[in-house]
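Between the sequences and the hints, there should be enough to build the whole structure, so can you do that?
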Amino acid sequence: MRTVKILERILAVIPIMFGVAIVVFLFMRMTPGDPVDIMMGEAGYVSEGEIENLRREFNLDKPLHIQLYLFLADAIRGDLGNSYARRAPVSELIAERLPATIELALGALFVGLVVSVPIGIISAVKQYSAIDRIGMAGAFLGVSMPSFWLGILLMLLFSVRLQWLPVAGRIDYGVELRTVTGMYVLDSILTGNKAALISSLSHLVLPSISLGAAMAATVARILRSSMLEVLRQDYVTLARAKGLVESLVVLKHALRNALIPTITVVGLQVGVLLGGNMIVETVFGWPGLGRLVVQSIFARHFPLVQGAVMVYAFVFVMANLMVDVLYTYLNPKITL
Amino acid sequence: MIGNKRLASTLVTAVILLMVIAACAPPAPEVVEVTVPVEVEVEVETTVEVPVTVTPVVGPQPGGTMVIGLSAEIMTLDPADYRDTTTETVIRNMFDGLVTRSSDGRVLLQLAESATLIDGVTWEFVLKKGVTFHNGEDLTAEDVKFTFDRIITENAIEYPEPHTSPRKGLIGPVESVEIVDDYTVRLYLSAPFPAAMQMLVHQQIVPKDYFEQVGTEGFIEAPVGCGPFKFVEGSLGDQIVMERFDDYYGGADELPPVGPPLLDRVIFRILPEASTRVSALRAGEVNIIQSVPSHMIPVLATNASVRVASGPSTRPAWMEMNVNQPPFDDVRVRLAMNYAVDAETILDTVLGGLGVVIAGPLSPYNNFADPTLEPYGYDPDKALELLAEAGWTDSDEDGFLDQDGEIFTFVIDVRPTSKPRAEGLAGQLQELGIDATVRVWGDYSVLKPLMLDGERTAYVGDWGDSAFDPVGHFEAKWHSRVEGTGNGRGNFSGYSNPRVDELVAAGEIEADVERRHELYNEAQQLVYEEAPAVFLFLPDIVEASSASVQNWTVAADGRLNMHDVWFSE
Chain G
183 MRTVKILERI LAVIPIMFGV AIVVFLFMRM TPGDPVDIMM GEAGYVSEGE IENLRREFNL
243 DKPLHIQLYL FLADAIRGDL GNSYARRAPV SELIAERLPA TIELALGALF VGLVVSVPIG
303 IISAVKQYSA IDRIGMAGAF LGVSMPSFWL GILLMLLFSV RLQWLPVAGR IDYGVELRTV
363 TGMYVLDSIL TGNKAALISS LSHLVLPSIS LGAAMAATVA RILRSSMLEV LRQDYVTLAR
423 AKGLVESLVV LKHALRNALI PTITVVGLQV GVLLGGNMIV ETVFGWPGLG RLVVQSIFAR
483 HFPLVQGAVM VYAFVFVMAN LMVDVLYTYL NPKITL
Chain C
47 MIGNKRLAST LVTAVILLMV IAACAPPAPE VVEVTVPVEV EVEVETTVEV PVTVTPVVGP
107 QPGGTMVIGL SAEIMTLDPA DYRDTTTETV IRNMFDGLVT RSSDGRVLLQ LAESATLIDG
167 VTWEFVLKKG VTFHNGEDLT AEDVKFTFDR IITENAIEYP EPHTSPRKGL IGPVESVEIV
227 DDYTVRLYLS APFPAAMQML VHQQIVPKDY FEQVGTEGFI EAPVGCGPFK FVEGSLGDQI
287 VMERFDDYYG GADELPPVGP PLLDRVIFRI LPEASTRVSA LRAGEVNIIQ SVPSHMIPVL
347 ATNASVRVAS GPSTRPAWME MNVNQPPFDD VRVRLAMNYA VDAETILDTV LGGLGVVIAG
407 PLSPYNNFAD PTLEPYGYDP DKALELLAEA GWTDSDEDGF LDQDGEIFTF VIDVRPTSKP
467 RAEGLAGQLQ ELGIDATVRV WGDYSVLKPL MLDGERTAYV GDWGDSAFDP VGHFEAKWHS
527 RVEGTGNGRG NFSGYSNPRV DELVAAGEIE ADVERRHELY NEAQQLVYEE APAVFLFLPD
587 IVEASSASVQ NWTVAADGRL NMHDVWFSE
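Keeping their order, the protein sequence lines are chains G and C.
If you read the first sequence in my numbering, its first letter stands for residue 183, the second for the next number, and so on.
If you read the second sequence in my numbering, its first letter stands for residue 47, the second for the next number, and so on.
Each hint should be verified, as a subset may be incorrect.
Unchecked claim - Keeping only pairs whose Cα atoms sit at most 20 Å apart, straight-line, the calculated SDA-like set for lysine to any residue is:
1) C:K465 / C:A320
2) G:K515 / G:K424
3) C:K191 / C:D150
4) C:K175 / C:D292
5) G:K308 / G:F292
6) C:K254 / C:E200
7) C:K465 / G:F480
8) G:K244 / C:P208
9) G:K244 / C:E207
Calculated from the structure, these hints are not laboratory results.
As the structure is a prediction and not an experimental result, all values here were calculated from the model.
And the structure:
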């Protein structure tokens, strides 16, 4: 039953993606600014003919509904069009950049969870203790601090002053690595390449912290408050009255219920990770999709933005589907 | 059903989030220029009789890996398929052209041994012999013809779908190329093209045989040129690695040292964020960085292992005023603005004095800048006098000039990079009783159409002039509006003078240099007198390098040419 429901939900992604495609298409074209003008408008020696040629090449000379039709017709066949500036298929560019972005997002997710879960639990169990106060103060800071600023501070301390970690990039030049997935840390492990693992991990640390900090803070706060709520419920008192060990009460009985709101937030944070990626990738010279999207938005490179937003939307929908599936395991009363 | 509603709303949020977040970090590509420091190494040699002999060793040292932090991404490695300066910087370290430009803007022969203008519309180039591509093939007239045909023929580039080279416009009137013999080619023009040599600098030669064998897609993955460095590996969004081409013919004869490059390897890394580039330089991860923001110069200047280099850019800055609406439809008011603004002080305080004050519409380094024009100069009394003539006085003594009960107020639009200079300017106008305020636009693409439609009042900005010639530059800013296209490409002031239009049109095709000077001088004088802008300054390009980088200069055209550079240690 659950499998059928999951399949149904996956099929429901199709109309959602269709909707996203149309919304992005229209949003990009409603935004003032003309891609051809941005590309050529300030270069010297541009003839009217050249401008017209580019417009024709990008289909910008056609009415909006025809453009939309052409875009959707191609998209259904998996062709997202060609990048205006890079002169390569958008799907190729996304495939080239996506592994770096996923690697960074996973790194941030890892940092976020490793930091937030223990802090959230301990803060709740030992409410108003020093650990709780420090943890929540840290969380407050983490939520308030913009990721680019944190990134620059970390870079100044660990890269410029202490010189422990590299400033930017994904791997040192000269370190040989056979790419399998395009995620360097994973590839290093898969190919058993220790030098590459050290190099790629050291490049991943600071960006992951910058990107994961806000998430860690948010999740820690949510987990703490839901734990506090759960710990006051009768069944927890009952569990304690039965004489269960406190750690079992907290981790087995309380945490499981407290995780439901927490996982919801983690699912939503995937969106924040994807968005924050754009900034952190720029700060750390991380050659990911986010940076490409930012540049493409400013340059009004419609096909690339459309393609990338569809990828983001897909990841986001899938992450939330996973959250919903997880609910059913955590609380059998919930059905898909 | 828990998720569906949320899915829909989060999707919309995700899309909006993308748009909003993108508003935070716009990287701006810029251009560069340099100083030539020579470091003296002291070698101590000991013999029996003479206790100490000191031998200073000055000169090129081979070896080393140069890492360069670029401020923007590279678009392609196909020399025919891009239009931005960052890509040109990378490509021209791997590819050479018939001619090149020195860092101070002179055009020099590179692959060509001679260039002769035969009859006004025909250029003949004799190629150097013994030039080889990175794959060992000889460079001949065939390759030159192939290169230019690919650029000037419609839809000649087949990947990813057939399109015309975006570099065609750079050599507009070149109509056809003819092979005279193995080492001689002729370029036929459809009309006289006085700026031909300046523009040919931007076309690099590719090997015909190899190109036809691998196609555009294959070429981008493994480019082969005849430049000082050959491609090793890399991806466009991350970094490009190239190494010394040992069989390099030497480059332009007039740009010493002639011969293979000294560096073993050059790595171009993309670091779009300025503070990251500065950090990477301080941490020793990169050796040269592009576009150092002026507020970071003091940080770098105190670091002994780093050297800040600057030189004139090609982007003169002005405050353009909308001449078609009050208050700037009155030439007296516009002149008053020129007297009211102290460009020298803004330059000193905001840009650390790195730049020169300009007198008129062209950069003083433009080959056709009128040397007789003098900056209006700061003269607040004269400004107030002119304003009073135009009817602007402080009649109610509230500290602001007014006319018919309305105070003199306007908004200066800027892009984020020009915010400090615009604020300085607005402050100076405030002191004179003009209520000028600054509005920063995060997304220039939104602002630009408004300005072209004459819907804004004033704009502090700049405009590139990388060919050192008024063609393509003067026309964009001061030629009157073209029917149906707003104010043309960049005439934000809406300035229109039929005589100036005439002069600009004549200058574009005038072959006689003296006559061209006369035409452009007259045009500049007219723009100067009618002052559609406050003429501000030509800011410097600021870059920085490790102290060990030698013989590197900030080039006026913004390129980073690594052929002549070496490390002192």
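Against the structure, the hints:
Using a Cα cut-off of 20 Å, the hinted pair K465 of chain C and A320 of chain C holds, with the two alpha carbons roughly 17 Å apart. At most 20 Å may separate the alpha-carbon atoms for a hinted pair to count; K515 of chain G and K424 of chain G exceed this at roughly 25 Å. Pair hint K191 of chain C plus D150 of chain C does not hold up; C-alpha atoms about 29 Å apart against a cutoff of 20 Å. Restraint check for K175 of chain C and D292 of chain C: the C-alpha separation of about 17 Å stays at or below 20 Å, so the hint holds.
A threshold of 20 Å between alpha carbons decides the hint, and for K308 of chain G with F292 of chain G the separation of about 24 Å lies outside it, so the pair is violated. Note on K254 of chain C and E200 of chain C: the hinted pairing holds, with a Cα-Cα distance of about 18 Å set against a maximum of 20 Å. Proximity of K465 of chain C to F480 of chain G is assessed by CA-CA distance (about 19 Å); at most 20 Å being required, the pair is judged to hold. At most 20 Å may separate the alpha-carbon atoms for a hinted pair to count; K244 of chain G and P208 of chain C meet this at roughly 18 Å.
A hinted pair counts as satisfied when its Cα atoms are at most 20 Å apart, and K244 of chain G with E207 of chain C qualifies at roughly 18 Å.
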